[in-house]
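Peer 1: Below are the chains, spelled out letter by letter.
Number of protein chains: 2
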Amino acid sequence: MVGTVTAALDVMGGDAGADMVLPGAEIAAERIPGVRYVLFGDAASVEPLLARYPKLGVISSFEHCDLAIGMEDKPGQALRRGRGTSSMWRAIETVKDGKAGVAVSAGNTGALMAMSKFCLKDAKDIDRPAIAAVWPTLKGESVVLDVGATIGATSEQLYQFAVMGAAMSRALLGRAKPTVGLLNIGVEEVKGLEQVRLAGRLLKEAELPFLDYAGFVEGDDIGKGAVDVIVTEGFAGNIALKTAEGTARQIAAYLRETVEENLMSRLGFLLARRAFGKLRKKLDTRRMNGGVFLGLNGLVIKSHGGTDAEGFAAAIEIGCSMARNGIVEKINEDVALHRPERPAVAVDDATSGVA
Amino acid sequence: MVGTVTAALDVMGGDAGADMVLPGAEIAAERIPGVRYVLFGDAASVEPLLARYPKLGVISSFEHCDLAIGMEDKPGQALRRGRGTSSMWRAIETVKDGKAGVAVSAGNTGALMAMSKFCLKDAKDIDRPAIAAVWPTLKGESVVLDVGATIGATSEQLYQFAVMGAAMSRALLGRAKPTVGLLNIGVEEVKGLEQVRLAGRLLKEAELPFLDYAGFVEGDDIGKGAVDVIVTEGFAGNIALKTAEGTARQIAAYLRETVEENLMSRLGFLLARRAFGKLRKKLDTRRMNGGVFLGLNGLVIKSHGGTDAEGFAAAIEIGCSMARNGIVEKINEDVALHRPERPAVAVDDATSGVA
Chain G
138 MVGTVTAALD VMGGDAGADM VLPGAEIAAE RIPGVRYVLF GDAASVEPLL
188 ARYPKLGVIS SFEHCDLAIG MEDKPGQALR RGRGTSSMWR AIETVKDGKA
238 GVAVSAGNTG ALMAMSKFCL KDAKDIDRPA IAAVWPTLKG ESVVLDVGAT
288 IGATSEQLYQ FAVMGAAMSR ALLGRAKPTV GLLNIGVEEV KGLEQVRLAG
338 RLLKEAELPF LDYAGFVEGD DIGKGAVDVI VTEGFAGNIA LKTAEGTARQ
388 IAAYLRETVE ENLMSRLGFL LARRAFGKLR KKLDTRRMNG GVFLGLNGLV
438 IKSHGGTDAE GFAAAIEIGC SMARNGIVEK INEDVALHRP ERPAVAVDDA
488 TSGVA
Chain W
138 MVGTVTAALD VMGGDAGADM VLPGAEIAAE RIPGVRYVLF GDAASVEPLL
188 ARYPKLGVIS SFEHCDLAIG MEDKPGQALR RGRGTSSMWR AIETVKDGKA
238 GVAVSAGNTG ALMAMSKFCL KDAKDIDRPA IAAVWPTLKG ESVVLDVGAT
288 IGATSEQLYQ FAVMGAAMSR ALLGRAKPTV GLLNIGVEEV KGLEQVRLAG
338 RLLKEAELPF LDYAGFVEGD DIGKGAVDVI VTEGFAGNIA LKTAEGTARQ
388 IAAYLRETVE ENLMSRLGFL LARRAFGKLR KKLDTRRMNG GVFLGLNGLV
438 IKSHGGTDAE GFAAAIEIGC SMARNGIVEK INEDVALHRP ERPAVAVDDA
488 TSGVA
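The listed protein sequences derive, respectively, from chains G and W. First residue of the first sequence: 138, per my numbering; consecutive thereafter. First residue of the second sequence: 138, per my numbering; consecutive thereafter.
Quick caveat, the hints were computed from the structure, so don't treat them as lab data. Keep in mind it's a predicted model, so treat the numbers as computed, not measured. Incorrect hints may have been included.
Stated by the list, open to error - Residues of chain G clear of chain W, computed beta-carbon distances all greater than 12 Å:
| hint | residue |
| --- | --- |
| 1 | G140 |
| 2 | A181 |
| 3 | K418 |
As the list claims (entries may be wrong) - Listed next, the stretches of chain W that the computed footprint assigns to chain G, with coverage defined by at least 3 CB atoms under 8 Å from CB atoms of chain G:
| hint | segment |
| --- | --- |
| 4 | 275-288 |
| 5 | 347-358 |
| 6 | 363-374 |
| 7 | 380-386 |
| 8 | 393-399 |
| 9 | 412-420 |
Positions of the beta carbon are idealized from the N, C-alpha and C atoms, including for glycine.
Work the whole structure out from these sequences, hints included.
Peer 2: Structural data, given as structure tokens:
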């Protein structure tokens, strides 16, 4: 028998707000046994809509919030203005108070991260949070982090990201001892930024029981599923994620042109439509929706602002699955298990690498 | 009437060496009117093969070299050992001596860059070289740089990359006044590394007559063809390039599975085979082969080590087209036209951005 899991939803977040969040929550409810929602938003605009989703009524409570954070609000400004009152803050606070296992918002990333850090605080022994993405690969799914929270991470931070990513792979994807790679570039002359080389050394020397350090990987190893967890700093990680999404959309556009090319191609794709349907599903970037904030005392999921109900449902599913598997506790345990000494060697010395 | 263009080829470079370089050169010769080759390699292994490509004999001269640089050789070691004698060095030297317009090698990137810098020297007013890639987009082709030469470029270096990338777009792709974007990430809290923000300011203030600065772009804008030139530092650029290639190969694998899914799909794709052939061409990552070393006193093209003859031909084509259009001279002229003052503002002040 499965217990309940509660998700706090920021109904005002995203480009379409309640029109996207509520149907998304209904789709997710059909897929997640025992899910319950606490919904935060503006009563005047949300309550009339709620009536259209009778199933939600049964498993949800609704709380009115006077304020909604805009997609263009600056993080500091959003925090000052929206603390305590906004739908985004209230959703996060519900996690802090232990009344929900996860908060999900499609609101702006900077504001959501600023509020999450302020409200939930960094987890013990974690210097900086990371945003993790679930990346579809030829072998299944990998965890990629950081995709935008910590720019230019240090070697210790990369080490912590590896531990957190491995915990996520275990909690969400059921890997017993996930393989972990550090994202690097293959140009020999410059192989490895100092912090990446040093992080590799930390991971190698730590010999952690719950992850299998596999050395450096390159950009094209992600899609291959070469490792279960790919670790990088937030700038390169964000660019990798967005570039992959862009490439997938580019090829999907080529594919549509191909179908429409001539009479024979239209007929051909009609015959192949069952197989083609599967392909379309694989190319659907909504499957990748849901950036997971790791390294805080509580779980927050960031959905794309421009997603639709299907994409938002995917974000809720990831969140509930991780909440159910006690990801926050797992990370805390794992980090406590082995805290590397700050390495005594100078950074310039660390040229050995593990590639 | 088209004049001749001479390419110096390192016949020993790449995983397959002469077996790949010679047929590649023959394919390229059919496509490039007036091309001539100077071939460098080991006589004992290359000359017997050369006999199989009679067309090459007519337009090529061959020079024996005692030494070949290995794919695993460290750059410094390759330079010490191979200077003056290796096929890689001799090809680059031919460009320095003005006897070839471009050198093409599929040898290891680090060694090729180290030798190119040592032999050709940095161009006037250019601090660091960049490797530029031609990236197929929904609108045609864009230039992306740096994809691996200069890790963590400064704002001045990014500015120089923008100037060089625009010159390449004009020389290779015929854009009169290319649009240029700086690659950045869209997380509000951290929007813009300091050096990226500052580079944006330099470009905006310079009001260069030969490029149109379009502000920040994100990873998914590359495939859209949002701008003609995408500028970034070498770590993120290399990861973006490899990730896109990996995603394209991943989707190509899905597509093959789709074709083989069942009898109807096989029949369908048979009917659609003409349209499908065009798609296959678009997904062919060999089209992207050929990293262009910019910022040196001479033109060098790096081919993928693992490419085949078709891919190597693409690298030769890019090189000859750029040599013919006087890319090195164009860059020197453009850089001389406007050299930005080192900005007086502190980096922390530069929070305005141009996004």
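Peer 1: Checked against the structure, which of the hints given earlier come out wrong?
Peer 2: 3
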